[in-house]
Amino acid sequence: AGAAWARGLLSWARPERWLPCGSLFPLSCIHTSTALQKIGKWEKKNRIVYPPQLPGEPRRPAEIYHCRREIKYSKDKMWYLAKLIKGMSIDQALAQLEFSDKKGAKVIKEVLLEAQEMAVRKHNVEFKSNLHIAESQTGRGRYVKRLRCHGKGMFGMMKISRCHYFVKLVEGPPPPPEPPRTGFDQAKEYVQQLRNRTLVHTL
Amino acid sequence: VLVLVRSPLPRLRALLHRCWGRLERGLWPAVFGGQSPPWGPALAVQGPALVPQGISVAGTPSLPESVVWMAAPKQRRTIEVNRCRRRNHSKLVEIKRNIDVCPECGNLKQKHVLCGHCYAKVKEETRLIRMEIYKKEGGPFNAPTVETVVLYEGEKPTEKDEGRRIIERARKRPSWFVQN
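Residue numbers (UniProt numbering), protein chains in the order written: chain A, 1 to 203; chain B, 1 to 180.
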């Protein structure tokens with residue numbers, strides 16, 4: 001039964017189609033260990049490969065995805081720092097984080113430096129300062145419930161929270177900030193909506 | 001969010017039960033079938049015994065109604081309302097506009113604060129000088145009453161350093177430590 005299962009697996013997998021003709025061990029490519037548990041979606045975003053660009057197309061800016069999992073910090077408190085650096089250039093973000101008093105600032109700074117290093121080494125980025133932060137998000141990590149002792153024999157349940165931090169660096173200068181919506185813009189939009197009205201279900 | 005839970009200690013629970021029972025009995029004596037005489041208005045003059053009043057006295061409300069005076073939320077705050085409060089501009093982290101570049105080492109520094117890198121260098125050198133001083137003095141409370149001068153490699157004491165204590169450091173003079 002085991003042999004039949006293995007043969008069935010082989011006939012479905014067909015490793016001889018994946019590897020070049022000269023390889024000796026076609027079965028070694030099947031990954032059986034559970035070392036990394038589960039590779040998250042953000043880490044897999046670095047693996048996409050675009051087809052080569054045609055000569056006339058504008059150059060596609062390099063995108064670098066990096067994250068850190070299970071940081072011992074609250075996701076709500078980390079969100080304030082993520083909101084601070086969204087849309088900044090990497091140098092400005094590092095400067096702001098260096099002089100921030102929050103615990104998460106140190107962690108995010110390490111993550112940004114790692115991502116910058118990765119960009120220069122692996123993702124063909126020419127200038128390490130020519131990066132800006134396109135996206136920066138926080139996520140909820142695994143929470144653990146613990147007992148917290150109060151006076152008079154009373155107990156409470158507290159949760160020890162952890163968070164993930166995700167960042168996407170894109171090559172190029174940071175995009176200019178959007179101008180705030182004035183009353184004039186809103187009035188123009190309203191007039192445009194009125195002008196777009198037509199008669200429906202008629203001749 | 002903390003949720004208070006009664007402790008599982010049986011002795012404490014029994015104690016609390018007894019205290020609560022005594023309290024209840026003290027508050028409504030009539031409810032428990034007249035184990036203790038009900039409190040009624042007492043007359044100083046000898047007269048017929050008062051007929052026990054009705055259980056409900058108009059003055060004090062009974063316990064289940066007296067809890068009304070604690071503040072409690074009436075409705076659950078929706079996530080939209082919560083977001084408006086948490087993401088209000090006053091709660092966001094402000095960007096700092098007082099960051100400059102240190103002219104000595106090139107690291108970033110705040111305008112009103114010393115450069116962290118340069119300060120760390122000075123701190124390390126001061127620690128080594130203090131170790132030399134400790135070696136020379138040999139123990140606590142041996143500080144001399146004269147001034148101290150730090151001399152590096154290849155430096156001789158000048159006529160200004162006549163009566164001063166000299167501390168030798170076995171390295172080249174750092175550029176930031178100006179001599180006199």
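Since the hints were made in silico from the structure, they are not lab data. Be careful, since some hints might not be right.
Stated by the list, open to error - Straight-line Cα separation of at most 25 Å, BS3-like style, residue types lysine-lysine; simulated pairs:
(1) A:106 x B:96
(2) A:103 x B:156
(3) A:38 x A:102
(4) B:91 x A:86
(5) B:136 x A:109
(6) B:111 x A:102
(7) B:172 x A:109
(8) B:91 x A:159
(9) B:136 x A:102
(10) A:72 x B:136
(11) A:77 x B:135
(12) A:86 x A:145
(13) B:172 x A:77
(14) A:103 x B:136
(15) B:172 x B:136
Is the Cα-Cα distance between residue 72 of chain A and residue 136 of chain B 25 Å or less? violated, 47 Å
Residue 172 of chain B and residue 136 of chain B: Cα distance at most 25 Å? holds, 20 Å
Next pair to validate is residue 136 of chain B with residue 109 of chain A; report whether the Cα-Cα distance is within 25 Å. Roughly 44 Å between the alpha carbons, so the hint for residue 136 of chain B and residue 109 of chain A is violated.
If you draw a straight line from the CA of residue 111 of chain B to the CA of residue 102 of chain A, is it 25 Å or shorter? holds, 20 Å
Would the hint linking residue 91 of chain B and residue 159 of chain A be met if the CA-CA limit is 25 Å? Measuring from Cα to Cα gives roughly 24 Å; hence the hint holds.
Are the Cα atoms of residue 172 of chain B and residue 77 of chain A separated by 25 Å or less? violated, 48 Å
Next pair to validate is residue 103 of chain A with residue 156 of chain B; report whether the Cα-Cα distance is within 25 Å. The hint is violated at about 49 Å.
For the pair we were handed, residue 38 of chain A and residue 102 of chain A, check the Cα-Cα distance against 25 Å. violated, 30 Å
Given the hinted pair residue 86 of chain A and residue 145 of chain A, is their Cα-Cα distance within 25 Å? violated, 32 Å
Straight-line Cα separation of residue 103 of chain A and residue 136 of chain B no greater than 25 Å? Violated, at roughly 42 Å.
Verify the proposed pairing of residue 91 of chain B with residue 86 of chain A, using a straight-line Cα cut of 25 Å. Cα-Cα ~16 Å, so holds.
Given hint residue 102 of chain A paired with residue 136 of chain B - CA-CA distance at most 25 Å: Violated, at about 43 Å.
Violated hints for the displayed structure, listed by number in ascending order: 2, 3, 5, 7, 9, 10, 11, 12, 13 and 14.
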